[in-house]
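Respectively, the protein sequence lines represent chains A and P. Anchor point for the first sequence: position 106 equals 104 in this note's numbering, and the numbering is continuous, going up by one each time. Anchor point for the second sequence: position 111 equals 120 in this note's numbering, and the numbering is continuous, going up by one each time.
What the hints contain is simulated information worked out from the structure, not anything from laboratory work. Remember, predicted model here, so these are calculated numbers, not experimental data. Hints should not be assumed to be uniformly reliable.
Derived EDC-like pairs: lysine to aspartate or glutamate, alpha-carbon spacing no greater than 20 Å straight-line [claimed, not checked]:
1. P:K97 - A:D223
2. P:K97 - A:E185
3. P:K132 - P:E225
4. P:K132 - A:E225
5. P:K157 - A:E236
6. P:K97 - A:E225
7. P:K97 - P:E216
8. P:K132 - A:D223
9. A:K207 - A:D39
10. A:K54 - A:E236
Each pair of labels, with its calculated beta carbon distance range [said to hold, decoys possible]:
11. P:G84 - A:L315: 47 to 55 Å
12. P:D185 - A:V25: 52 to 60 Å
13. A:I145 - P:G84: 47 to 55 Å
14. P:G84 - A:R341: 50 to 58 Å
15. A:V128 - P:G179: 46 to 54 Å
16. P:Q104 - A:T16: 37 to 45 Å
17. P:S55 - A:V128: 34 to 42 Å
18. A:F328 - P:Q104: 54 to 62 Å
19. A:V128 - P:A25: 36 to 44 Å
20. A:T16 - P:G182: 47 to 55 Å
21. P:D164 - A:A208: 16 to 24 Å
22. P:R162 - A:T16: 16 to 24 Å
Some, not all, of what chain A presents toward chain P, calculated at C-beta under 8 Å [what the hints assert, rightly or not]:
23. S168
24. G170
25. K207
26. V209
27. L214
28. M219
29. A224
30. A226
31. R229
32. F230
33. V238
34. A241
A virtual CB, placed ideally from N, CA and C, is assigned to each residue, including glycine.
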Amino acid sequence: MSLATMFKRNSLLDERSTWITSVVLIVGMLAVVVLHALPPDHAWHLNGSVVSLLGKYLTYMLLALAVDLIWGYLGILSLGHGAFFALGGYAMGLYLTAQQAPLAPWQAVMAHFPVAALAVILAPGLLALVFGWLAFRSRVTGVYFSIITQALTFALMLAFNRNEMAMGGSTGLTRFDELLGFALAGEGMTVALFVASGVAVLLAFWGCKAVTRSRLGRVCMATRDAEARVRFIGYRVEHVKLAVFVLSAMIAGIAGALYVPQVGIINPSTFAPLFSIEVVVWVALGGRATLYGALLGALVVNYLKTLLTGVMPDAWLFLLGGLFVVVTMFLPQGVAGLMAHLRRRREVTA
Amino acid sequence: MSMMDSQRMQRLREFARPDRVFDFMAPAESPVDVRHGPILYLEDVSVSFDGFKAIDNLNLTIDDGELRCIIGPNGAGKTTMMDIITGKTRPDRGQAWFGSRHNLLQMDEPQIANLGIGRKFQKPTVFEALSVNANLELAMAGDRRVWKTLLARLDHEGRERIDEVMEIIGLSGERDRLAGVLSHGQKQWLEIGMLLMQRPRLLLVDEPVAGMTEPEMHRTAELMTRLAGQQSVVVVEHDMGFVRSIARTVTVLHQGSVLAEGSMDEVANDPRVIDVYLGGDESSDVREGT
């Protein structure tokens, strides 16, 4: 098989993966909704807590998508994307608490949904803009960038732990009652949030796909592989990085905003450096620079986490660490890379 | 007192010249002005790193359409000179002008690149994960702003330009291959092709035949000669046979400044040049050239 045909096949596979992923997402979402609608005594009935759990997975998948966009395509390893996720979450949390009694007078403005929705996107976006502008302008790259993103999320964790911030201190924001005038506790709300998360994942997947397939996406990959060359053919690398970093942070913020009403709490532990690293493990396991790999990785790892923390909670961190080692050593392209490899081998032997 | 006044007066007159707009109002992307002489003009440029003078009072002019070869032993400052011209390194002293209108020392890399100076690195640097076609498309001259890049589509004109450049660099048959799987020589040509897509006025080419086979070297020599005339080309090279095959004017750099300049024969017979190369590994190369 010549390398030229291999390339053509790869790009075809890329196309195919897009619609396979879309179909799987849509069918999966419909299946969950239908199974939930079955009568409770039916053997296949999904109860509300399972739907809510799946909804939480969807927000994690959205976060993984954001990380893959900058890590997979631009080569920027952010170990602090949990910060953007948490900021979006806090914006939503402020909206939900402001429905009853805001913690501080200025938070009353967050009671309006359009304001809150704007804050969900703008808070992480602005932080990414300022932080990214400083970092990329000074040409901070590689492991140094990763370390300062860790510092960023850690600093925010300390800040949000303080009661003076009026963000609920170490308890965070909780005890939410209603969203857009509807009670949060109802089954209908559970399904609505699940569907909203699914739609968000689908839209973000298509959006990211469009970006990565555009000329800008190719500039990103070029920057990842040979940054100096990109600069010398006349692109402002720091602007490209900044734009994609801000987009990625906004997607993470939306993920956080959808996460909070489904789990019912947001607290500073979401800013913990460990959580951000875990997100990177999801993406590495699923396979970088494929987008569907990130979705797959987030789903698989979190499902395993739910399973294992129920059966033997102590073993989970060992398994997570082990998975990361195995993937780094034997599957540098993740599960997505393994699937592509197997497919090629089957075609060669056939 | 009166002299200072007249100086000030002159500066004011210069500033308020009726035949041109103020400098700060002139469009930044104005075309390169070569009516008054060279396309590249370096004067008394010096730069030192930790006390080591990499470039020491370097003076160099390149004419429009010229093909110039620059040779010199390792550490003569060839790569540093290219770094200064392309905005990667700022000199401690001196002037660097592109045409008579653009001060290179006030611009950064993308600005200089968009102005029309293309640079090929010593090690072939192409985008390995992208196809040959995509490599050329990215390098194509055009609006480089983020939003425009996101919405950019390859038009008919662009496609023709890519075909044309592929023809020039001899990679028409490799259009859809990934750049990463090309041979070493093909990567070098692809990089030169990417420079051509930028529609440069001045090409800086660092060691284009390093690691090339004999036939590849011949093709590269042909390519270089073909490019000169349409644009100015500056080639830095170690290989004397290659320099001899393409050079019209040769500049010898030594310890950061120009040691000799002239035709290949003049330079190779210059006692100072022979002296510098004698004892060095490249002494035999120069004699081979004579």
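Cβ separation of P:D164 and A:A208, checked against the hinted range 16 to 24 Å: 19 Å Cβ-Cβ, so the 16 to 24 Å window holds.
When the least beta-carbon distance from A:M219 to chain P is tested against 8 Å, hint result: holds, 5 Å
Pairwise hint evaluation, A:E225 against P:K132, where the allowed Cα distance is 20 Å at most: holds, 14 Å
20 Å Cα cutoff - pair P:K157, A:E236: holds, 16 Å
Agreement of P:K132 and P:E225 with the hint, judged by alpha carbon distance not exceeding 20 Å: holds, 16 Å
Range hint compliance [Cβ, A:F328 to P:Q104, 54 to 62 Å]: holds, 57 Å
Hint check, A:A226 versus chain P [nearest Cβ-Cβ separation less than 8 Å]: Holds: closest Cβ of chain P sits about 7 Å from A:A226, inside 8 Å.
Evaluation of the interface hint that places A:A241 against chain P, nearest CB under 8 Å: Result: holds, 5 Å to nearest chain P Cβ.
Restraint check, 8 Å cut-off on beta carbons, for A:K207 near chain P: Given a least distance of 13 Å, the restraint on A:K207 is violated.
A:T16 and P:R162 - C-beta distance against the hinted 16 to 24 Å: holds, 19 Å
Agreement of P:K97 and A:D223 with the hint, judged by alpha carbon distance not exceeding 20 Å: holds, 19 Å
Status of the given 46 to 54 Å range, CB of P:G179 versus CB of A:V128: holds, 48 Å
When each numbered hint is compared with the structure, violations occur for hints 2, 9, 10, 12, 13, 16, 20, 23, 24 and 25.
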